[in-house]
Amino acid sequence: MRPRWLIPLVAATPALLGAQESAREPVLPQAVSLETFRLSGPPALALLGSSAASVARPNTPRDLIASLVSGAGANGIVPDGYALETAPFWLVRRRAMTLAEYHEASIGQLIRQFTAISVATSRPSSRSDAPRDARASIAIRTLLANGRPSPRLRAIGDSMRIAQLDYISRFRRWEDAGAASSGLDGARRRLEQQEELLSSLFIRVLAGPETSLRDSTIRTLARRDSLRAFVASRQSAADRELAAAGDLDRIEARLETLAKRFAAEELEPHGLILEIAAGGRALFEEGQWGRQRTDGLGIWLTPMYRSRTSGFELIGVSRYLSGVKDYDGHDLLDIGLRAGIDAGKGSFSAEHVWRSLHGSPMSGPASPAGGEYRSRTTRWAVLLDYPLGGKLWAVASFGSDYRLPDGARPVIATIGLNLGLGAIEIIPSRR
Amino acid sequence: MPRKPIAVRKEYAVGPDQVRLSVLVGDRQFGTSMVFLDDELVANGDIDELPLGTGPEIAGRAVTVYTVVTDIRDKKNDMSVTWILTGGEKTATIEKSGSGAKSFGSQMFKAVFELTGDDE
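In the order they appear, the protein sequences are chains C and Z.
The end of the first sequence is residue 431 by our numbering, with every number in the run present.
The end of the second sequence is residue 120 by our numbering, with every number in the run present.
Don't read these hints as lab results, they were simulated from the structure.
Please note that a few of the clues may not be correct.
Unchecked claim - From the structure, some residues in chain Z lie toward chain C, with a derived Cβ separation under 8 Å:
#1 Met1
#2 Phe30
#3 Asp71
#4 Ile72
#5 Arg73
Stated by the list, open to error - Here are a few chain Z residues that face chain C, going by a calculated C-beta distance under 7 Å:
#6 Pro2
#7 Gly26
#8 Arg28
#9 Thr32
#10 Tyr66
#11 Val68
#12 Lys75
#13 Ser80
Stated by the list, open to error - The list that follows gives simulated cross-link-like pairs (lysine-lysine, DSSO-like), each with its CA atoms no further than 27 Å apart:
#14 Z/Lys102 with C/Lys260
#15 Z/Lys4 with Z/Lys90
#16 C/Lys260 with Z/Lys96
#17 Z/Lys102 with Z/Lys75
#18 Z/Lys10 with Z/Lys90
#19 Z/Lys4 with Z/Lys76
#20 C/Lys260 with Z/Lys76
#21 C/Lys391 with C/Lys345
#22 C/Lys391 with C/Lys260
#23 C/Lys260 with C/Lys345
#24 Z/Lys4 with C/Lys260
#25 Z/Lys75 with C/Lys260
#26 Z/Lys96 with Z/Lys10
#27 Z/Lys76 with Z/Lys96
#28 Z/Lys76 with Z/Lys102
For clarity, every value in this text was computed on a predicted model and none was experimentally measured.
We put the beta carbon where it would ideally sit given N, CA and C, even for glycine.
Pulled out of the complex, with its shape left as it was, chain Z reads as follows (with noise of 0.2 Å):
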């Protein structure tokens, strides 16, 4: 059986401009991503500066973002995500760590983006 998801629900209020997604697999871990806007894939692999559409275009829909990451270190097996949201009304920082279950072990991490306009 799979272990939980480490997972962040947030919502990120979108503005005029082009909303940006990069995801960060930090603690020099082996991770890969994909990301679904609402039910579409709309990338995966590495993560960085992806465009998911204007704030006119996208607010009301969701961006879920799954990442996993592998250990790949020898003596330490500490993992972390960043996602950054950039062109809405703030740019977004969310980081959440966590560590394989065992030595080379994976972990699925789970971020999921409301994206809210002026008028919600």
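If we strip away everything but chain C, and leave its shape as in the complex, we get (with noise of 0.2 Å):
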């Protein structure tokens, strides 16, 4: 399945939690599909409701103090737009760990390995000169599953092992060739010795009556010529050389290729894969660190299942979120459901997302825009995206949207291009 299908088309992120320090102007109800219930960054970003424009992926212990130092801001105010993530595991050097050990973990490995901690903070502008109130969060995620490595990637692997092989027999040349032609350059020196003896000898011979020389210009000259086969041998040995060079420096760069998309294809395992993230969320009044609060939690359980030879993938995303503001601080439950597959050079995808609102009044929760949203909603939709050549891709949409606080269902009905960029729509949804 391509990752081609995340693109944002009918979905705008919406602007959930209780970090959001917006204006309370009337909203409606956003559009939102389960691609933005998973957790694409950090889950303690995604707590705050924020994006940072850069997150910290220290992996040295070293790196995480000084980001730590960085993050913990000034004179006990808690900063703007901080956000890291770091997997404890990582942080020092895994020298004995091999590539299939790492592929074959077993859940005990696997939350080692794969469980990362996050925080962020966040200090929204404020309108007026008060001191702005700020909160901060605190997450945990690990994988519980992580699948099997693809068909694709163990194509990849085997490409590679076959340029390794190849890389070794031409390093042996290489290094054999360079053993050969060792004494080139004395060899050349000294064959520019005789040749020019050799050319003093011939014409003393010839022009002179030293005849006496002639054995010793005869002596020169089976010199000479055994000195120009060794300096022939030695220049074909160092031909070789060079020429072994380029094919190592030519099996080098497609190693390069190879690894690059090793390391894209290993991100996407194949059978089940499951997610798990936790974390929490507090207020931290006009900034100060003494001055905080428990602000709200949030659970994202996320399994997946990739087919290993259909193009089949399944997607379930299960989260819970707790004092969202845009829904007056209730708390938030999503499930939802995603199936796609591969249909010749596209995909065609359908979800169906349930949205319960917790902790609400009897006649369900409020919405900002001063209507009531349902306590219980659903969405469906289905998706086709086909490419259209090079980053240009068609994609379509259709089904229904959330009920709207007045009771009627939006239809989603999309048509669009994706330019690589992101998504134009062409007919939009009416939202």
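From the two separate chains plus the hints, produce the assembled complex.
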């Protein structure tokens, strides 16, 4: 399954969570899709409902300490826009870990290897000069299952192995040729000397009466011929060495390309993948570290299944978020399922999302628009995308959106183009 | 021009038993090996407990192991190779570390083990 279908066609990322300090202007419920429920970044950031410009990902203890010191802020004030995620297991070098052990990790090893801790802060801007409240969150996520290497990953691995064996064979040739070409420069110098001596001897033997130099000339001639053969053989080896070096450069370039593809494909294992994440959020009055109170929590459970051969993919998402500001501080439970399958060059997928609000009055929670959300509602959609060449994709979706406060259910019907930079709607859905 | 290999040369005292060789490519990197007994190719690919021969059969010969490691990790390009020889008088574990010249680069590791017997 291509990741292409993650495009934000209908869904605008909803500003769901408490850290959004936007003015309380009337807003309609926004169309959301299952993709927006998944954790695309650190869960601590998702708890704040914000996206930091950059997330620090220290992978050494030294980097971690430096990042934490810079993120602590100054004068006891919570900084704005700080985000960090780190996996403790990988903070130290793992010399003994082989690739096979990594791919065949037990559940205990998975938890050790994939547990990541994230922290994030947010101090939204305010129109007044009053000190701004800040929010900070801390979260943890891990994998309980990580599938198996995909057939594509295995194929790339096989290609890498062939290229590496070819590299070793040619490396040996390069080594042998290098050894065989040693002494070439010295032999060349000696050959030049012999050539000069021979030239001088020829002139004296041919032009003068010094017949006694004839034997010396013949011996020099023999030495010259021997040196010529020696230099020719060393030169031939040097040529082979140069050719082998060119071959090695070419194979290295191919290995680099394959390694990049391997690293990308490794992120898309097949079989069952199960991620779990949880975290808490706190409010810091006037941005002071010392004046905090608990503000909300979030839990995500994301099972996913990719078929080994058929291009079939199934994603389930469930998340529970408490104290969601856009829902007047109520708790939100989203459960969704998405199935997708490759169809020729394109792909086809369908999803169904069930949303429930909790901790609400009997009549249902009030919306910021002054109307009422239903305490339970659903959304379904089918999506098609098809490559048109290059980075251009045709995309289409059809379905039924969440029920609006007035009881209406907007139809989702869009056709668009994805230029690789995001989606452009040609026929927008009615919201 | 290829980078110089990260090289190791050691003597290994064999006994009467079967000598075996394992090559571990660490740091979660991707590596492949070729093993030569003198100039004869003995095995290639992943090397795990490869039987080289009994001590009397291989004493006086040299095992050369070429291992090329390619960096497949996005943020780290640490590399290490461990050679383990068993079946001789002692188990020998030799490790060498390095790093790719660049991200997703490759590095050659070369180990030569001269197999010595009692009479040498």
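Structure-based check of each hint:
1. At a threshold of 8 Å, the smallest CB-CB gap from Z/Met1 to chain C is about 5 Å, leaving the interface hint in force.
2. Interface restraint check: Z/Phe30 against chain C, minimum CB-CB distance 6 Å, threshold 8 Å, status holds.
3. The restraint placing Z/Asp71 at the interface with chain C holds, with a minimum CB-CB distance near 6 Å, inside the 8 Å limit.
4. A distance limit of 8 Å between C-beta atoms decides the matter here; for Z/Ile72 the minimum to chain C is near 5 Å, and the interface restraint holds.
5. Because the beta carbon of Z/Arg73 sits about 7 Å from the nearest beta carbon in chain C, less than 8 Å, this interface hint is met.
6. Evaluation of the Z/Pro2 hint against chain C yields a held restraint, the C-beta minimum of about 5 Å falling below 7 Å.
7. The criterion of a C-beta within 7 Å of any C-beta in chain C is met by Z/Gly26, whose closest approach is roughly 4 Å, and the hint holds.
8. Interface hint at Z/Arg28: satisfied, since its Cβ lies 5 Å from the closest Cβ of chain C, which is below the 7 Å cut-off.
9. With its C-beta approaching chain C no nearer than about 4 Å, Z/Thr32 sits inside the 7 Å limit, and its interface hint holds.
10. A hinted interface residue such as Z/Tyr66 counts as satisfied when its beta carbon comes closer than 7 Å to some beta carbon of chain C; here the least separation is about 5 Å, so the hint holds.
11. At its closest, the beta carbon of Z/Val68 sits 5 Å from a beta carbon of chain C; the interface hint therefore holds under the 7 Å criterion.
12. Look at Z/Lys75: its Cβ gets to within about 6 Å of chain C, closer than 7 Å, so that hint holds up.
13. Evaluation of the Z/Ser80 hint against chain C yields a held restraint, the C-beta minimum of about 5 Å falling below 7 Å.
14. For the hint linking Z/Lys102 to C/Lys260, the alpha-carbon distance of about 12 Å falls within 27 Å, and the restraint holds.
15. Of the supplied pair hints, the one linking Z/Lys4 and Z/Lys90 is violated, its CA atoms being roughly 30 Å apart against a limit of 27 Å.
16. At roughly 24 Å between alpha-carbon atoms, C/Lys260 and Z/Lys96 fall within 27 Å of each other, so this suggested pair holds.
17. A threshold of 27 Å between alpha carbons decides the hint, and for Z/Lys102 with Z/Lys75 the separation of about 11 Å falls inside it, so the pair holds.
18. With a C-alpha separation of about 13 Å, the suggested pair Z/Lys10 and Z/Lys90 falls inside the 27 Å cut-off, and the hint holds.
19. The hinted pair formed by Z/Lys4 and Z/Lys76 meets the criterion: a straight-line CA distance of about 21 Å does not exceed 27 Å.
20. Using a Cα cut-off of 27 Å, the hinted pair C/Lys260 and Z/Lys76 holds, with the two alpha carbons roughly 13 Å apart.
21. Distance check on the hinted pair: C/Lys391 and C/Lys345 sit about 13 Å apart at the alpha-carbon level, within 27 Å; holds.
22. Our distance criterion of 27 Å between C-alpha atoms is met by C/Lys391 and C/Lys260, whose separation comes to about 19 Å.
23. Under the criterion of a C-alpha separation no larger than 27 Å, the hint pairing C/Lys260 with C/Lys345 is consistent with the structure, at around 23 Å.
24. With a C-alpha separation of about 23 Å, the suggested pair Z/Lys4 and C/Lys260 falls inside the 27 Å cut-off, and the hint holds.
25. Restraint check for Z/Lys75 and C/Lys260: the C-alpha separation of about 12 Å stays at or below 27 Å, so the hint holds.
26. This hinted pair checks out: Z/Lys96 and Z/Lys10 have alpha carbons roughly 13 Å apart, not beyond 27 Å.
27. With a C-alpha separation of about 17 Å, the suggested pair Z/Lys76 and Z/Lys96 falls inside the 27 Å cut-off, and the hint holds.
28. In summary, the hint linking Z/Lys76 to Z/Lys102 is supported, as the alpha carbons are separated by about 10 Å, within the 27 Å threshold.
The earlier numbered hint that this structure contradicts is number 15, and it is the only one.
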